[in-house]
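Trainee: Assemble the complex: chain A is given as a structure, and chain B must be docked to it using the hints.
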Amino acid sequence: MSFTPHTPEDIALMLNSIGIDSVEQLFDEIPSAIRIEGLPDLADGINEMAMGREIKKISAGNKNLLNFIGAGAYQHHIPSAVWQLAGRGELLTAYTPYQAEASQGSLQIIFEFQTMIASLCGMDVANASMYDGASALAESILMAVRANKKTTSKKIVIADSIHPCYLNVMNSITRYQGIEIQCVETDRYNDVNTLKSAAHESFAAVVLPQPNFLGQLTRVDAITDWAHQHHALVIGLVNPVTLGLLKEPGSWGARGADIVCGEGQPLGVPLAGGGPYFGFMACKKQFIRQMPGRIVGKTTDTNGKTGYCLTLQAREQHIRRSKATSNICTNQGLLMTVATIYMSLLGPQGLKNVAIKSHQNTARLIELLNTVKQVHCVYADNFCHEMVIQVPSSAKSVLKKMADRGVAGGYDLATLGQAWADKLLVCSTEVHNENDLQQFITVLKTAIEDV
Amino acid sequence: MSDIKDNLKYTQTHEWVNFDNAIATVGITDQAQHLLGELVYVELPEQGREVSMGEEICVVESTKAASDVYAPIAGKIIAVNDALEEHPELVNQSPYADGWLFKIEPNNPNEIDQLMTPADYKNSLD
Numbered sequence: 000m001s002f003t004p005h006t007p008e009d010i011a012l013m014l015n016s017i018g019i020d021s022v023e024q025l026f027d028e029i030p031s032a033i034r035i036e037g038l039p040d041l042a043d044g045i046n047e048m049a050m051g052r053e054i055k056k057i058s059a060g061n062k063n064l065l066n067f068i069g070a071g072a073y074q075h076h077i078p079s080a081v082w083q084l085a086g087r088g089e090l091l092t093a094y095t096p097y098q099a100e101a102s103q104g105s106l107q108i109i110f111e112f113q114t115m116i117a118s119l120c121g122m123d124v125a126n127a128s129m130y131d132g133a134s135a136l137a138e139s140i141l142m143a144v145r146a147n148k149k150t151t152s153k154k155i156v157i158a159d160s161i162h163p164c165y166l167n168v169m170n171s172i173t174r175y176q177g178i179e180i181q182c183v184e185t186d187r188y189n190d191v192n193t194l195k196s197a198a199h200e201s202f203a204a205v206v207l208p209q210p211n212f213l214g215q216l217t218r219v220d221a222i223t224d225w226a227h228q229h230h231a232l233v234i235g236l237v238n239p240v241t242l243g244l245l246k247e248p249g250s251w252g253a254r255g256a257d258i259v260c261g262e263g264q265p266l267g268v269p270l271a272g273g274g275p276y277f278g279f280m281a282c283k284k285q286f287i288r289q290m291p292g293r294i295v296g297k298t299t300d301t302n303g304k305t306g307y308c309l310t311l312q313a314r315e316q317h318i319r320r321s322k323a324t325s326n327i328c329t330n331q332g333l334l335m336t337v338a339t340i341y342m343s344l345l346g347p348q349g350l351k352n353v354a355i356k357s358h359q360n361t362a363r364l365i366e367l368l369n370t371v372k373q374v375h376c377v378y379a380d381n382f383c384h385e386m387v388i389q390v391p392s393s394a395k396s397v398l399k400k401m402a403d404r405g406v407a408g409g410y411d412l413a414t415l416g417q418a419w420a421d422k423l424l425v426c427s428t429e430v431h432n433e434n435d436l437q438q439f440i441t442v443l444k445t446a447i448e449d450v
Numbered sequence: 000m001s002d003i004k005d006n007l008k009y010t011q012t013h014e015w016v017n018f019d020n021a022i023a024t025v026g027i028t029d030q031a032q033h034l035l036g037e038l039v040y041v042e043l044p045e046q047g048r049e050v051s052m053g054e055e056i057c058v059v060e061s062t063k064a065a066s067d068v069y070a071p072i073a074g075k076i077i078a079v080n081d082a083l084e085e086h087p088e089l090v091n092q093s094p095y096a097d098g099w100l101f102k103i104e105p106n107n108p109n110e111i112d113q114l115m116t117p118a119d120y121k122n123s124l125d
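So the sequence lines, in the order shown, correspond to chains A and B. Read in numbering that gives the first Met the number 0, the first sequence has 286 at position 287, and its numbers run on one by one without any break. Read in numbering that gives the first Met the number 0, the second sequence has 31 at position 32, and its numbers run on one by one without any break.
Okay, chain B solo, but in the shape it has when bound:
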């Protein structure tokens, strides 16, 4: 049973979003890391890049597959998790905390409301 946090928002493409203090922190869900298997590489977006909702901006690569991560909301990348360069396995070990991918400063914070609730995301997995 994959772990779904109650305090987060989700996307159909298995990203989670933690909206706090006008900044959205983004990662991939426990379900996603489990399906991918052990990650060996994370290609992070460039800091400062303007991204639109649904844009492919990051690649997570396991020994068996490379998958895109999509921007859950439009905005500007203001931080990336540099620790993943040396330790991509953090995404497997701690998908909702140490394994975060990037932070977005949203152009329009209301877009957050379009994301899935924990219950919706859970239903989509069943």
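Just chain A, same shape as in the assembly:
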């Protein structure tokens, strides 16, 4: 049976009305190089059993490597209870519940999630989650430009390194809205003086990554105060797990960050080959009407009982159409639920322990790396749970040799340019034990000798 309700006549009518000849024409802007024309190795019309066998064969090619890659997605221990609970029928939904009268449980979970994120960030309010960290950053930038009434500038300054993929997403989303992005390369300590000399004109906001893409801590207090002196808003881009340990963005500098966003994956979401993940976003109360997305509020019904419902939606797309604050139409319901359960199980102290253990493991790894003659720890201090090492040959070839020996040795920084092609971004979290760290060193040594 056909799952699409429209007839060939309907389709012809619609195509005619927008002035094109075929449905395929709608996809013209997608480059042919990234389009899949059928599945070449799979016979057409095979049955479920044959398909299952084929898929099993393909998945056997996956290697279960000991993982030291971070770079925006982090392997943390996920207590079994998290997904056991999230898999219950009451919770297993990916969609935002609009009907308050039928969705009190889901709405309450979102409300608790918002409360936890706001508290973690030291902000007044948070929304019900975003698609991922990169889109949360792009939306934060659009929001900052809308919210900053002190300047008409649409310029954003990024204080040093953020994930290259985030830059791409940001450009895709903000490019056609007249927003200008300036990435200021600061020194490794993100000295505020570098920013002073680079950012001359007025600007709407400064993006502060903490830690930055290279795992380094940013001098958030000095830069926050400097940005505020220039009437710019401060957008904190943070890793929620490290917030268990680091100063909350709401307390950066004298007045705190204005908007905080980040990738929520470290909070109970498995790496899963790159997604789905979820983003989060929080802000000071004065900017709440400029915050995009769904927001759940706590209220009382006509009988005086506590209830939950969507709130502050008057500027969203389902009400304001083309004049909406953003085109964010929903949230990442399931993953937000998972994060809420994860945070509830760990509590503030548990989250802090995860951050501390991850930092200690990374520190121990650096200690061990210092015994490897040909390896140089480029940033051996000022780190959270990720750092940069330099190897004597190309990072790519070293990583390949390490993978052959069962270790995913890190992220190849060649994506940042040729000068980085001999550098690796290495991450250790609480999932590693001393044996794992020793194994990393042994395999790294062998790989270097082999290359």
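Below, a list of computed lysine-lysine pairs in the DSBU-like style, where the Cα atoms sit at most 35 Å apart:
| # | chain 1 | residue 1 | chain 2 | residue 2 |
| --- | --- | --- | --- | --- |
| 1 | B | 102 | A | 153 |
| 2 | B | 63 | A | 297 |
| 3 | A | 322 | B | 121 |
| 4 | A | 148 | B | 75 |
| 5 | A | 148 | B | 4 |
| 6 | B | 75 | A | 283 |
| 7 | A | 322 | B | 63 |
| 8 | B | 75 | A | 284 |
| 9 | A | 246 | A | 153 |
| 10 | A | 153 | B | 63 |
| 11 | B | 75 | A | 322 |
| 12 | A | 284 | B | 63 |
| 13 | B | 63 | A | 149 |
| 14 | A | 149 | B | 75 |
| 15 | B | 102 | A | 148 |
Simulated DEER-style distance windows between Cβ atoms:
| # | chain 1 | residue 1 | chain 2 | residue 2 | range |
| --- | --- | --- | --- | --- | --- |
| 16 | B | 55 | A | 399 | 50 to 60 Å |
| 17 | A | 284 | B | 33 | 27 to 37 Å |
| 18 | A | 21 | B | 53 | 36 to 46 Å |
| 19 | B | 55 | A | 13 | 26 to 36 Å |
| 20 | B | 97 | A | 114 | 33 to 43 Å |
| 21 | A | 298 | B | 73 | 34 to 44 Å |
| 22 | A | 23 | B | 113 | 46 to 56 Å |
| 23 | A | 54 | B | 53 | 56 to 66 Å |
| 24 | B | 73 | A | 271 | 47 to 57 Å |
FYI, nobody ran anything at the bench for these hints, they're computed from the structure. For every residue, glycine included, the Cβ atom is placed at its ideal position computed from N, Cα and C.
Mentor: Using the frame of chain A, we list chain B on its own:
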């Protein structure tokens, strides 16, 4: 029946204008506040901003909708009603007095003549 003041000028988009002493005070009409319902937030324009006729410069938000307010004439914003920050409901309670939104110093006062008379505005509502 919505209240229409005889001494004011009007726009098709439901703003009223009181031109007095070379300054235009602007608000939204009784009809507009009634249609929007109870206002919960008013986003006022920046003082000192130069605006052109018909430009979206202000947002009034009720529990069910957010609507733009347009500049009825070109000029410079010389004052905004700060009281609305804490008390947006003033627009509902007193649309033609305490609930005013902003004052414009017109570039060309003759533009006022292009606005609707009370009778025209009344007819447009019928």
